[in-house]
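Make the full structure from the sequences, and use the hints.
The numbering of the first sequence is numbering that gives the first Met the number 0, which starts it at 0 and goes up by one.
Source of the hints: derived by calculation from the structure; they are not laboratory data. Just so you know, nobody snuck in bad clues.
Pair ranges (Cβ atoms, derived):
#1 118 <-> 419: 38 to 44 Å
#2 125 <-> 219: 36 to 42 Å
#3 67 <-> 31: 45 to 51 Å
#4 214 <-> 371: 40 to 46 Å
#5 118 <-> 299: 20 to 26 Å
#6 223 <-> 5: 35 to 41 Å
#7 299 <-> 186: 19 to 25 Å
#8 23 <-> 158: 32 to 38 Å
#9 67 <-> 244: 50 to 56 Å
#10 374 <-> 118: 40 to 46 Å
#11 35 <-> 80: 20 to 26 Å
We treat Cβ as the ideally placed atom computed from N, Cα and C, and that holds for glycine.
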Amino acid sequence: MLDPRRLRQDFSAIKQRLQYRGEDISELDRFPEVDEKRRAIIQEAEALKKKRNEVSQQISVLKREKKDADHLIQEMKHVSESIKTLDQELRETENTLQNILLRIPNIPHESVPIGESEEDNVLHKTWGDIPEFGFEPKPHWELGAALGLLDFEAAGKVAGSRFVFHKGLGAKLERALINFMLDLHTSEHGYVEMLPPYLVHEDSMTGTGQLPKFAEDVFKIEDSHLFLIPTAEVPVTNYHREEILEADQLPLAYAAYSSCFRSEAGAAGRDTRGLIRQHQFNKVELVRFVKPEESYEQLEQLTSQAEKVLQLLNLPYRVMSMCTADLGFAAAKKYDLEVWLPSSQTYREISSCSNFEDFQARRANIRFRRDKKSKPEFVHTLNGSGLAIGRTVAAILENYQQADGRIRLPEVLRPYMQGKEYVE
RNA sequence: GGAGAGGUGUCCGAGUUGGCCGAAGGAGCACGAUUGGAAAUCGUGUAGACGGGGUAACUCGUCUCGAGGGUUCGAAUCCCUCUCUCUCCGCCA
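Here you go:
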């Protein structure tokens, strides 16, 4: 959520920056009027309340002195009626205002390239050598099926499309990656490990920005107010909701493994094969709570920590700086890490690292105090995948495939795979 | 799932015949005094949100005693709904 005061003051400048996102922001135009109306009602209602408080005092005094207060009471009945009407009106106006504000995306940071589509994302960095095969590299779903690691057929029977069974060494590989990533981030990068709830209520989903605008992208549990988390970002960011942190606690850094659930509405026909786009997948997520002045530096750091995973796995990747059109609703700036997939000769997103500035913190009311006497300020929140496990499996299968169909294992994973060098 | 108890400021904790309660008292914390220094002691201070005014320090007002409604001239105190915590029973991993 944007700061309403800032929006009021710099309306046209902010509007212009938001337009670079290229999405419909017509909601925004209603803001000045509703905001103005809200403040007018507040002033009127508060003046009446002041009067009510004063007269109530007088009544109280009169009553104590056993004097007659009927004329004042009669007068106040009308005042009270007016207050009630105004309060009702205020509630409606604030609701409207809130609905507008909750649907306005974050302002792109000045360093974000302006663009009209994902075509305009800017290449930031490339790492690693694209592997040469003396044969036609196979897609990971064929490799996985042939080696008995992945069973999409059975998953289709049991749960439908966009699900998978990881089986045997495939399941072990999934688990190995989770452990490897968590170990790396907790012991090398200073993160506190977290295993969060997979179901959260509506306030949490609103806090990180999934609701109200993107309800169709998530699974809601019938007959309850709970939603399946689309990412551990949701529970972990909301871990500190409604809190005022101490400055010396910052930065806070959490590494959370969770399954993630996405309805993938609107993705019909896209990435229907393989592990790329599933209703349920595993991910290790990095979440940071930082001081505002540090957040961009921390974004670089967070991104490099996610990159470290790819480097240790020796998977070729590139880093893209997302342009204004491809930022995502809540982000002020975002880098995507894209891993090389030989079968399709493309880079595919495997991690997304974002700085949300105070956008989520304002929604979830997460603040900190610089020192005892200072006013609470909103923290900045950041997160990044470190990494998506399913897509990492896909990348390993494809990049490490051998002519004979075996998969060589990256060295860092071998301790997690009973020392095996190959999956065969 | 059934029965009961309870949610008050940073924490503990008073406050149920509605008015003088934004809230006693204590602890903690901050600042000051005292001290060679510390402890102890004494004094002062110690929430947030929103709106108005001011360049600002600041100031005025409204609201907040789990959340949201309601009754009333007036609610921490009465009523309703929801929510969370605890205890017992049931059920389960």
